[in-house]
Amino acid sequence: GAGVSQTPSNKVTEKGKYVELRCDPISGHTALYWYRQSLGQGPEFLIYFQGTGAADDSGLPNDRFFAVRPEGSVSTLKIQRTERGDSAVYLCASSSTRGTGELFFGEGSRLTVL
Amino acid sequence: KNQVEQSPQSLIILEGKNCTLQCNYTVSPFSNLRWYKQDTGRGPVSLTIMTFSENTKSNGRYTATLDADTKQSSLHITASQLSDSASYICVVSAIKNAGNMLTFGGGTRLMVKP
Chain Y
2 GAGVSQTPSN KVTEKGKYVE LRCDPISGHT ALYWYRQSLG QGPEFLIYFQ GTGAADDSGL
62 PNDRFFAVRP EGSVSTLKIQ RTERGDSAVY LCASSSTRGT GELFFGEGSR LTVL
Chain L
77 KNQVEQSPQS LIILEGKNCT LQCNYTVSPF SNLRWYKQDT GRGPVSLTIM TFSENTKSNG
137 RYTATLDADT KQSSLHITAS QLSDSASYIC VVSAIKNAGN MLTFGGGTRL MVKP
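Line order of the protein sequences matches chains Y and L.
Under this note's numbering, think of the first position of the first sequence as 2, with each following residue one higher.
Under this note's numbering, think of the first position of the second sequence as 77, with each following residue one higher.
In case anyone wonders, no lab produced these hints; they're calculated from the structure.
Since the structure is predicted, the reported quantities are computational estimates derived from the model, not experimental observations.
Ideal Cβ placement from N, Cα and C applies to all residues, glycine included.
Among the clues, some could well be false.
[To be verified] With a Cα cut of at most 35 Å, we get these calculated DSBU-like pairs of lysine-lysine:
id, chain 1, residue 1, chain 2, residue 2
1, Y, Lys-12, L, Lys-147
2, L, Lys-77, Y, Lys-79
3, L, Lys-77, L, Lys-147
4, L, Lys-77, Y, Lys-12
5, Y, Lys-16, L, Lys-77
6, Y, Lys-79, Y, Lys-18
[To be verified] Far from chain L, some chain Y residues (derived; all Cβ distances over 12 Å):
id, residue
7, Gly-4
8, Val-5
9, Tyr-36
10, Gln-38
11, Asn-63
12, Asp-64
13, Phe-66
14, Ser-74
[As the list claims (entries may be wrong)] To spell it out: a stretch of chain Y is covered by chain L in this simulated footprint if at least three of its residues, at any positions, have a beta carbon under 8 Å from a beta carbon of chain L; those stretches are:
id, region
15, 23 to 29
16, 80 to 88
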């Protein structure tokens, strides 16, 4: 596609539920990043993929968070047993190189946990 | 610990005026520094990327400077327009074996008033 696409754009769920957020990067981009952004804050790093593998998952806050990129393109961020503190905008970005090139962001998925 | 500090946290200026946003960082080993513009409810969009050897880079009415010795950067906006109202995020990239590690500042929220 022309840009990074994220779905859903908005997700409202109840505490304790399971959520999946999808990111479709720019075609051919090998590097993919997930960030979490709370209101009034800068994006916070979650996980970085180079191809199919998670090259750096040090930003995942706990084991309720997991992300996959099985074919090296689309990535899914999975959150189990959601908590109210998980409410944020989840941003995905992709880059054509190993992180040295320009980063292109999607519009984000706004998650609200009630 | 890698950190990026931005100031001011928020800024209000009148349309047509100039302004300068500051970014101080402690990121090592340094790879590059980026400025992003993020409109409310949208993903960040790249304005400039500067490597160690670049002191200044312009993108239209936006001019970024970098002093790698003092680890400071600034973003100067000339002849501000209402559409410049946004958050401006400074991002510093460190070289890591698994790819670049990006550290985000908290952003400066700029409001341009008529």
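Consistency of the hints with the structure:
{"no.": "1", "hint": "Lys-12(Y) to Lys-147(L)", "result": "violated, 39 Å"}
{"no.": "2", "hint": "Lys-77(L) to Lys-79(Y)", "result": "holds, 28 Å"}
{"no.": "3", "hint": "Lys-77(L) to Lys-147(L)", "result": "holds, 15 Å"}
{"no.": "4", "hint": "Lys-77(L) to Lys-12(Y)", "result": "holds, 34 Å"}
{"no.": "5", "hint": "Lys-16(Y) to Lys-77(L)", "result": "holds, 33 Å"}
{"no.": "6", "hint": "Lys-79(Y) to Lys-18(Y)", "result": "holds, 11 Å"}
{"no.": "7", "hint": "Gly-4", "result": "violated, 9 Å"}
{"no.": "8", "hint": "Val-5", "result": "violated, 7 Å"}
{"no.": "9", "hint": "Tyr-36", "result": "violated, 8 Å"}
{"no.": "10", "hint": "Gln-38", "result": "violated, 9 Å"}
{"no.": "11", "hint": "Asn-63", "result": "holds, 20 Å"}
{"no.": "12", "hint": "Asp-64", "result": "holds, 21 Å"}
{"no.": "13", "hint": "Phe-66", "result": "holds, 18 Å"}
{"no.": "14", "hint": "Ser-74", "result": "holds, 17 Å"}
{"no.": "15", "hint": "23 to 29", "result": "violated (count 0)"}
{"no.": "16", "hint": "80 to 88", "result": "violated (count 0)"}
Comparing the model with each numbered hint stated earlier shows that hints 1, 7, 8, 9, 10, 15 and 16 do not hold.
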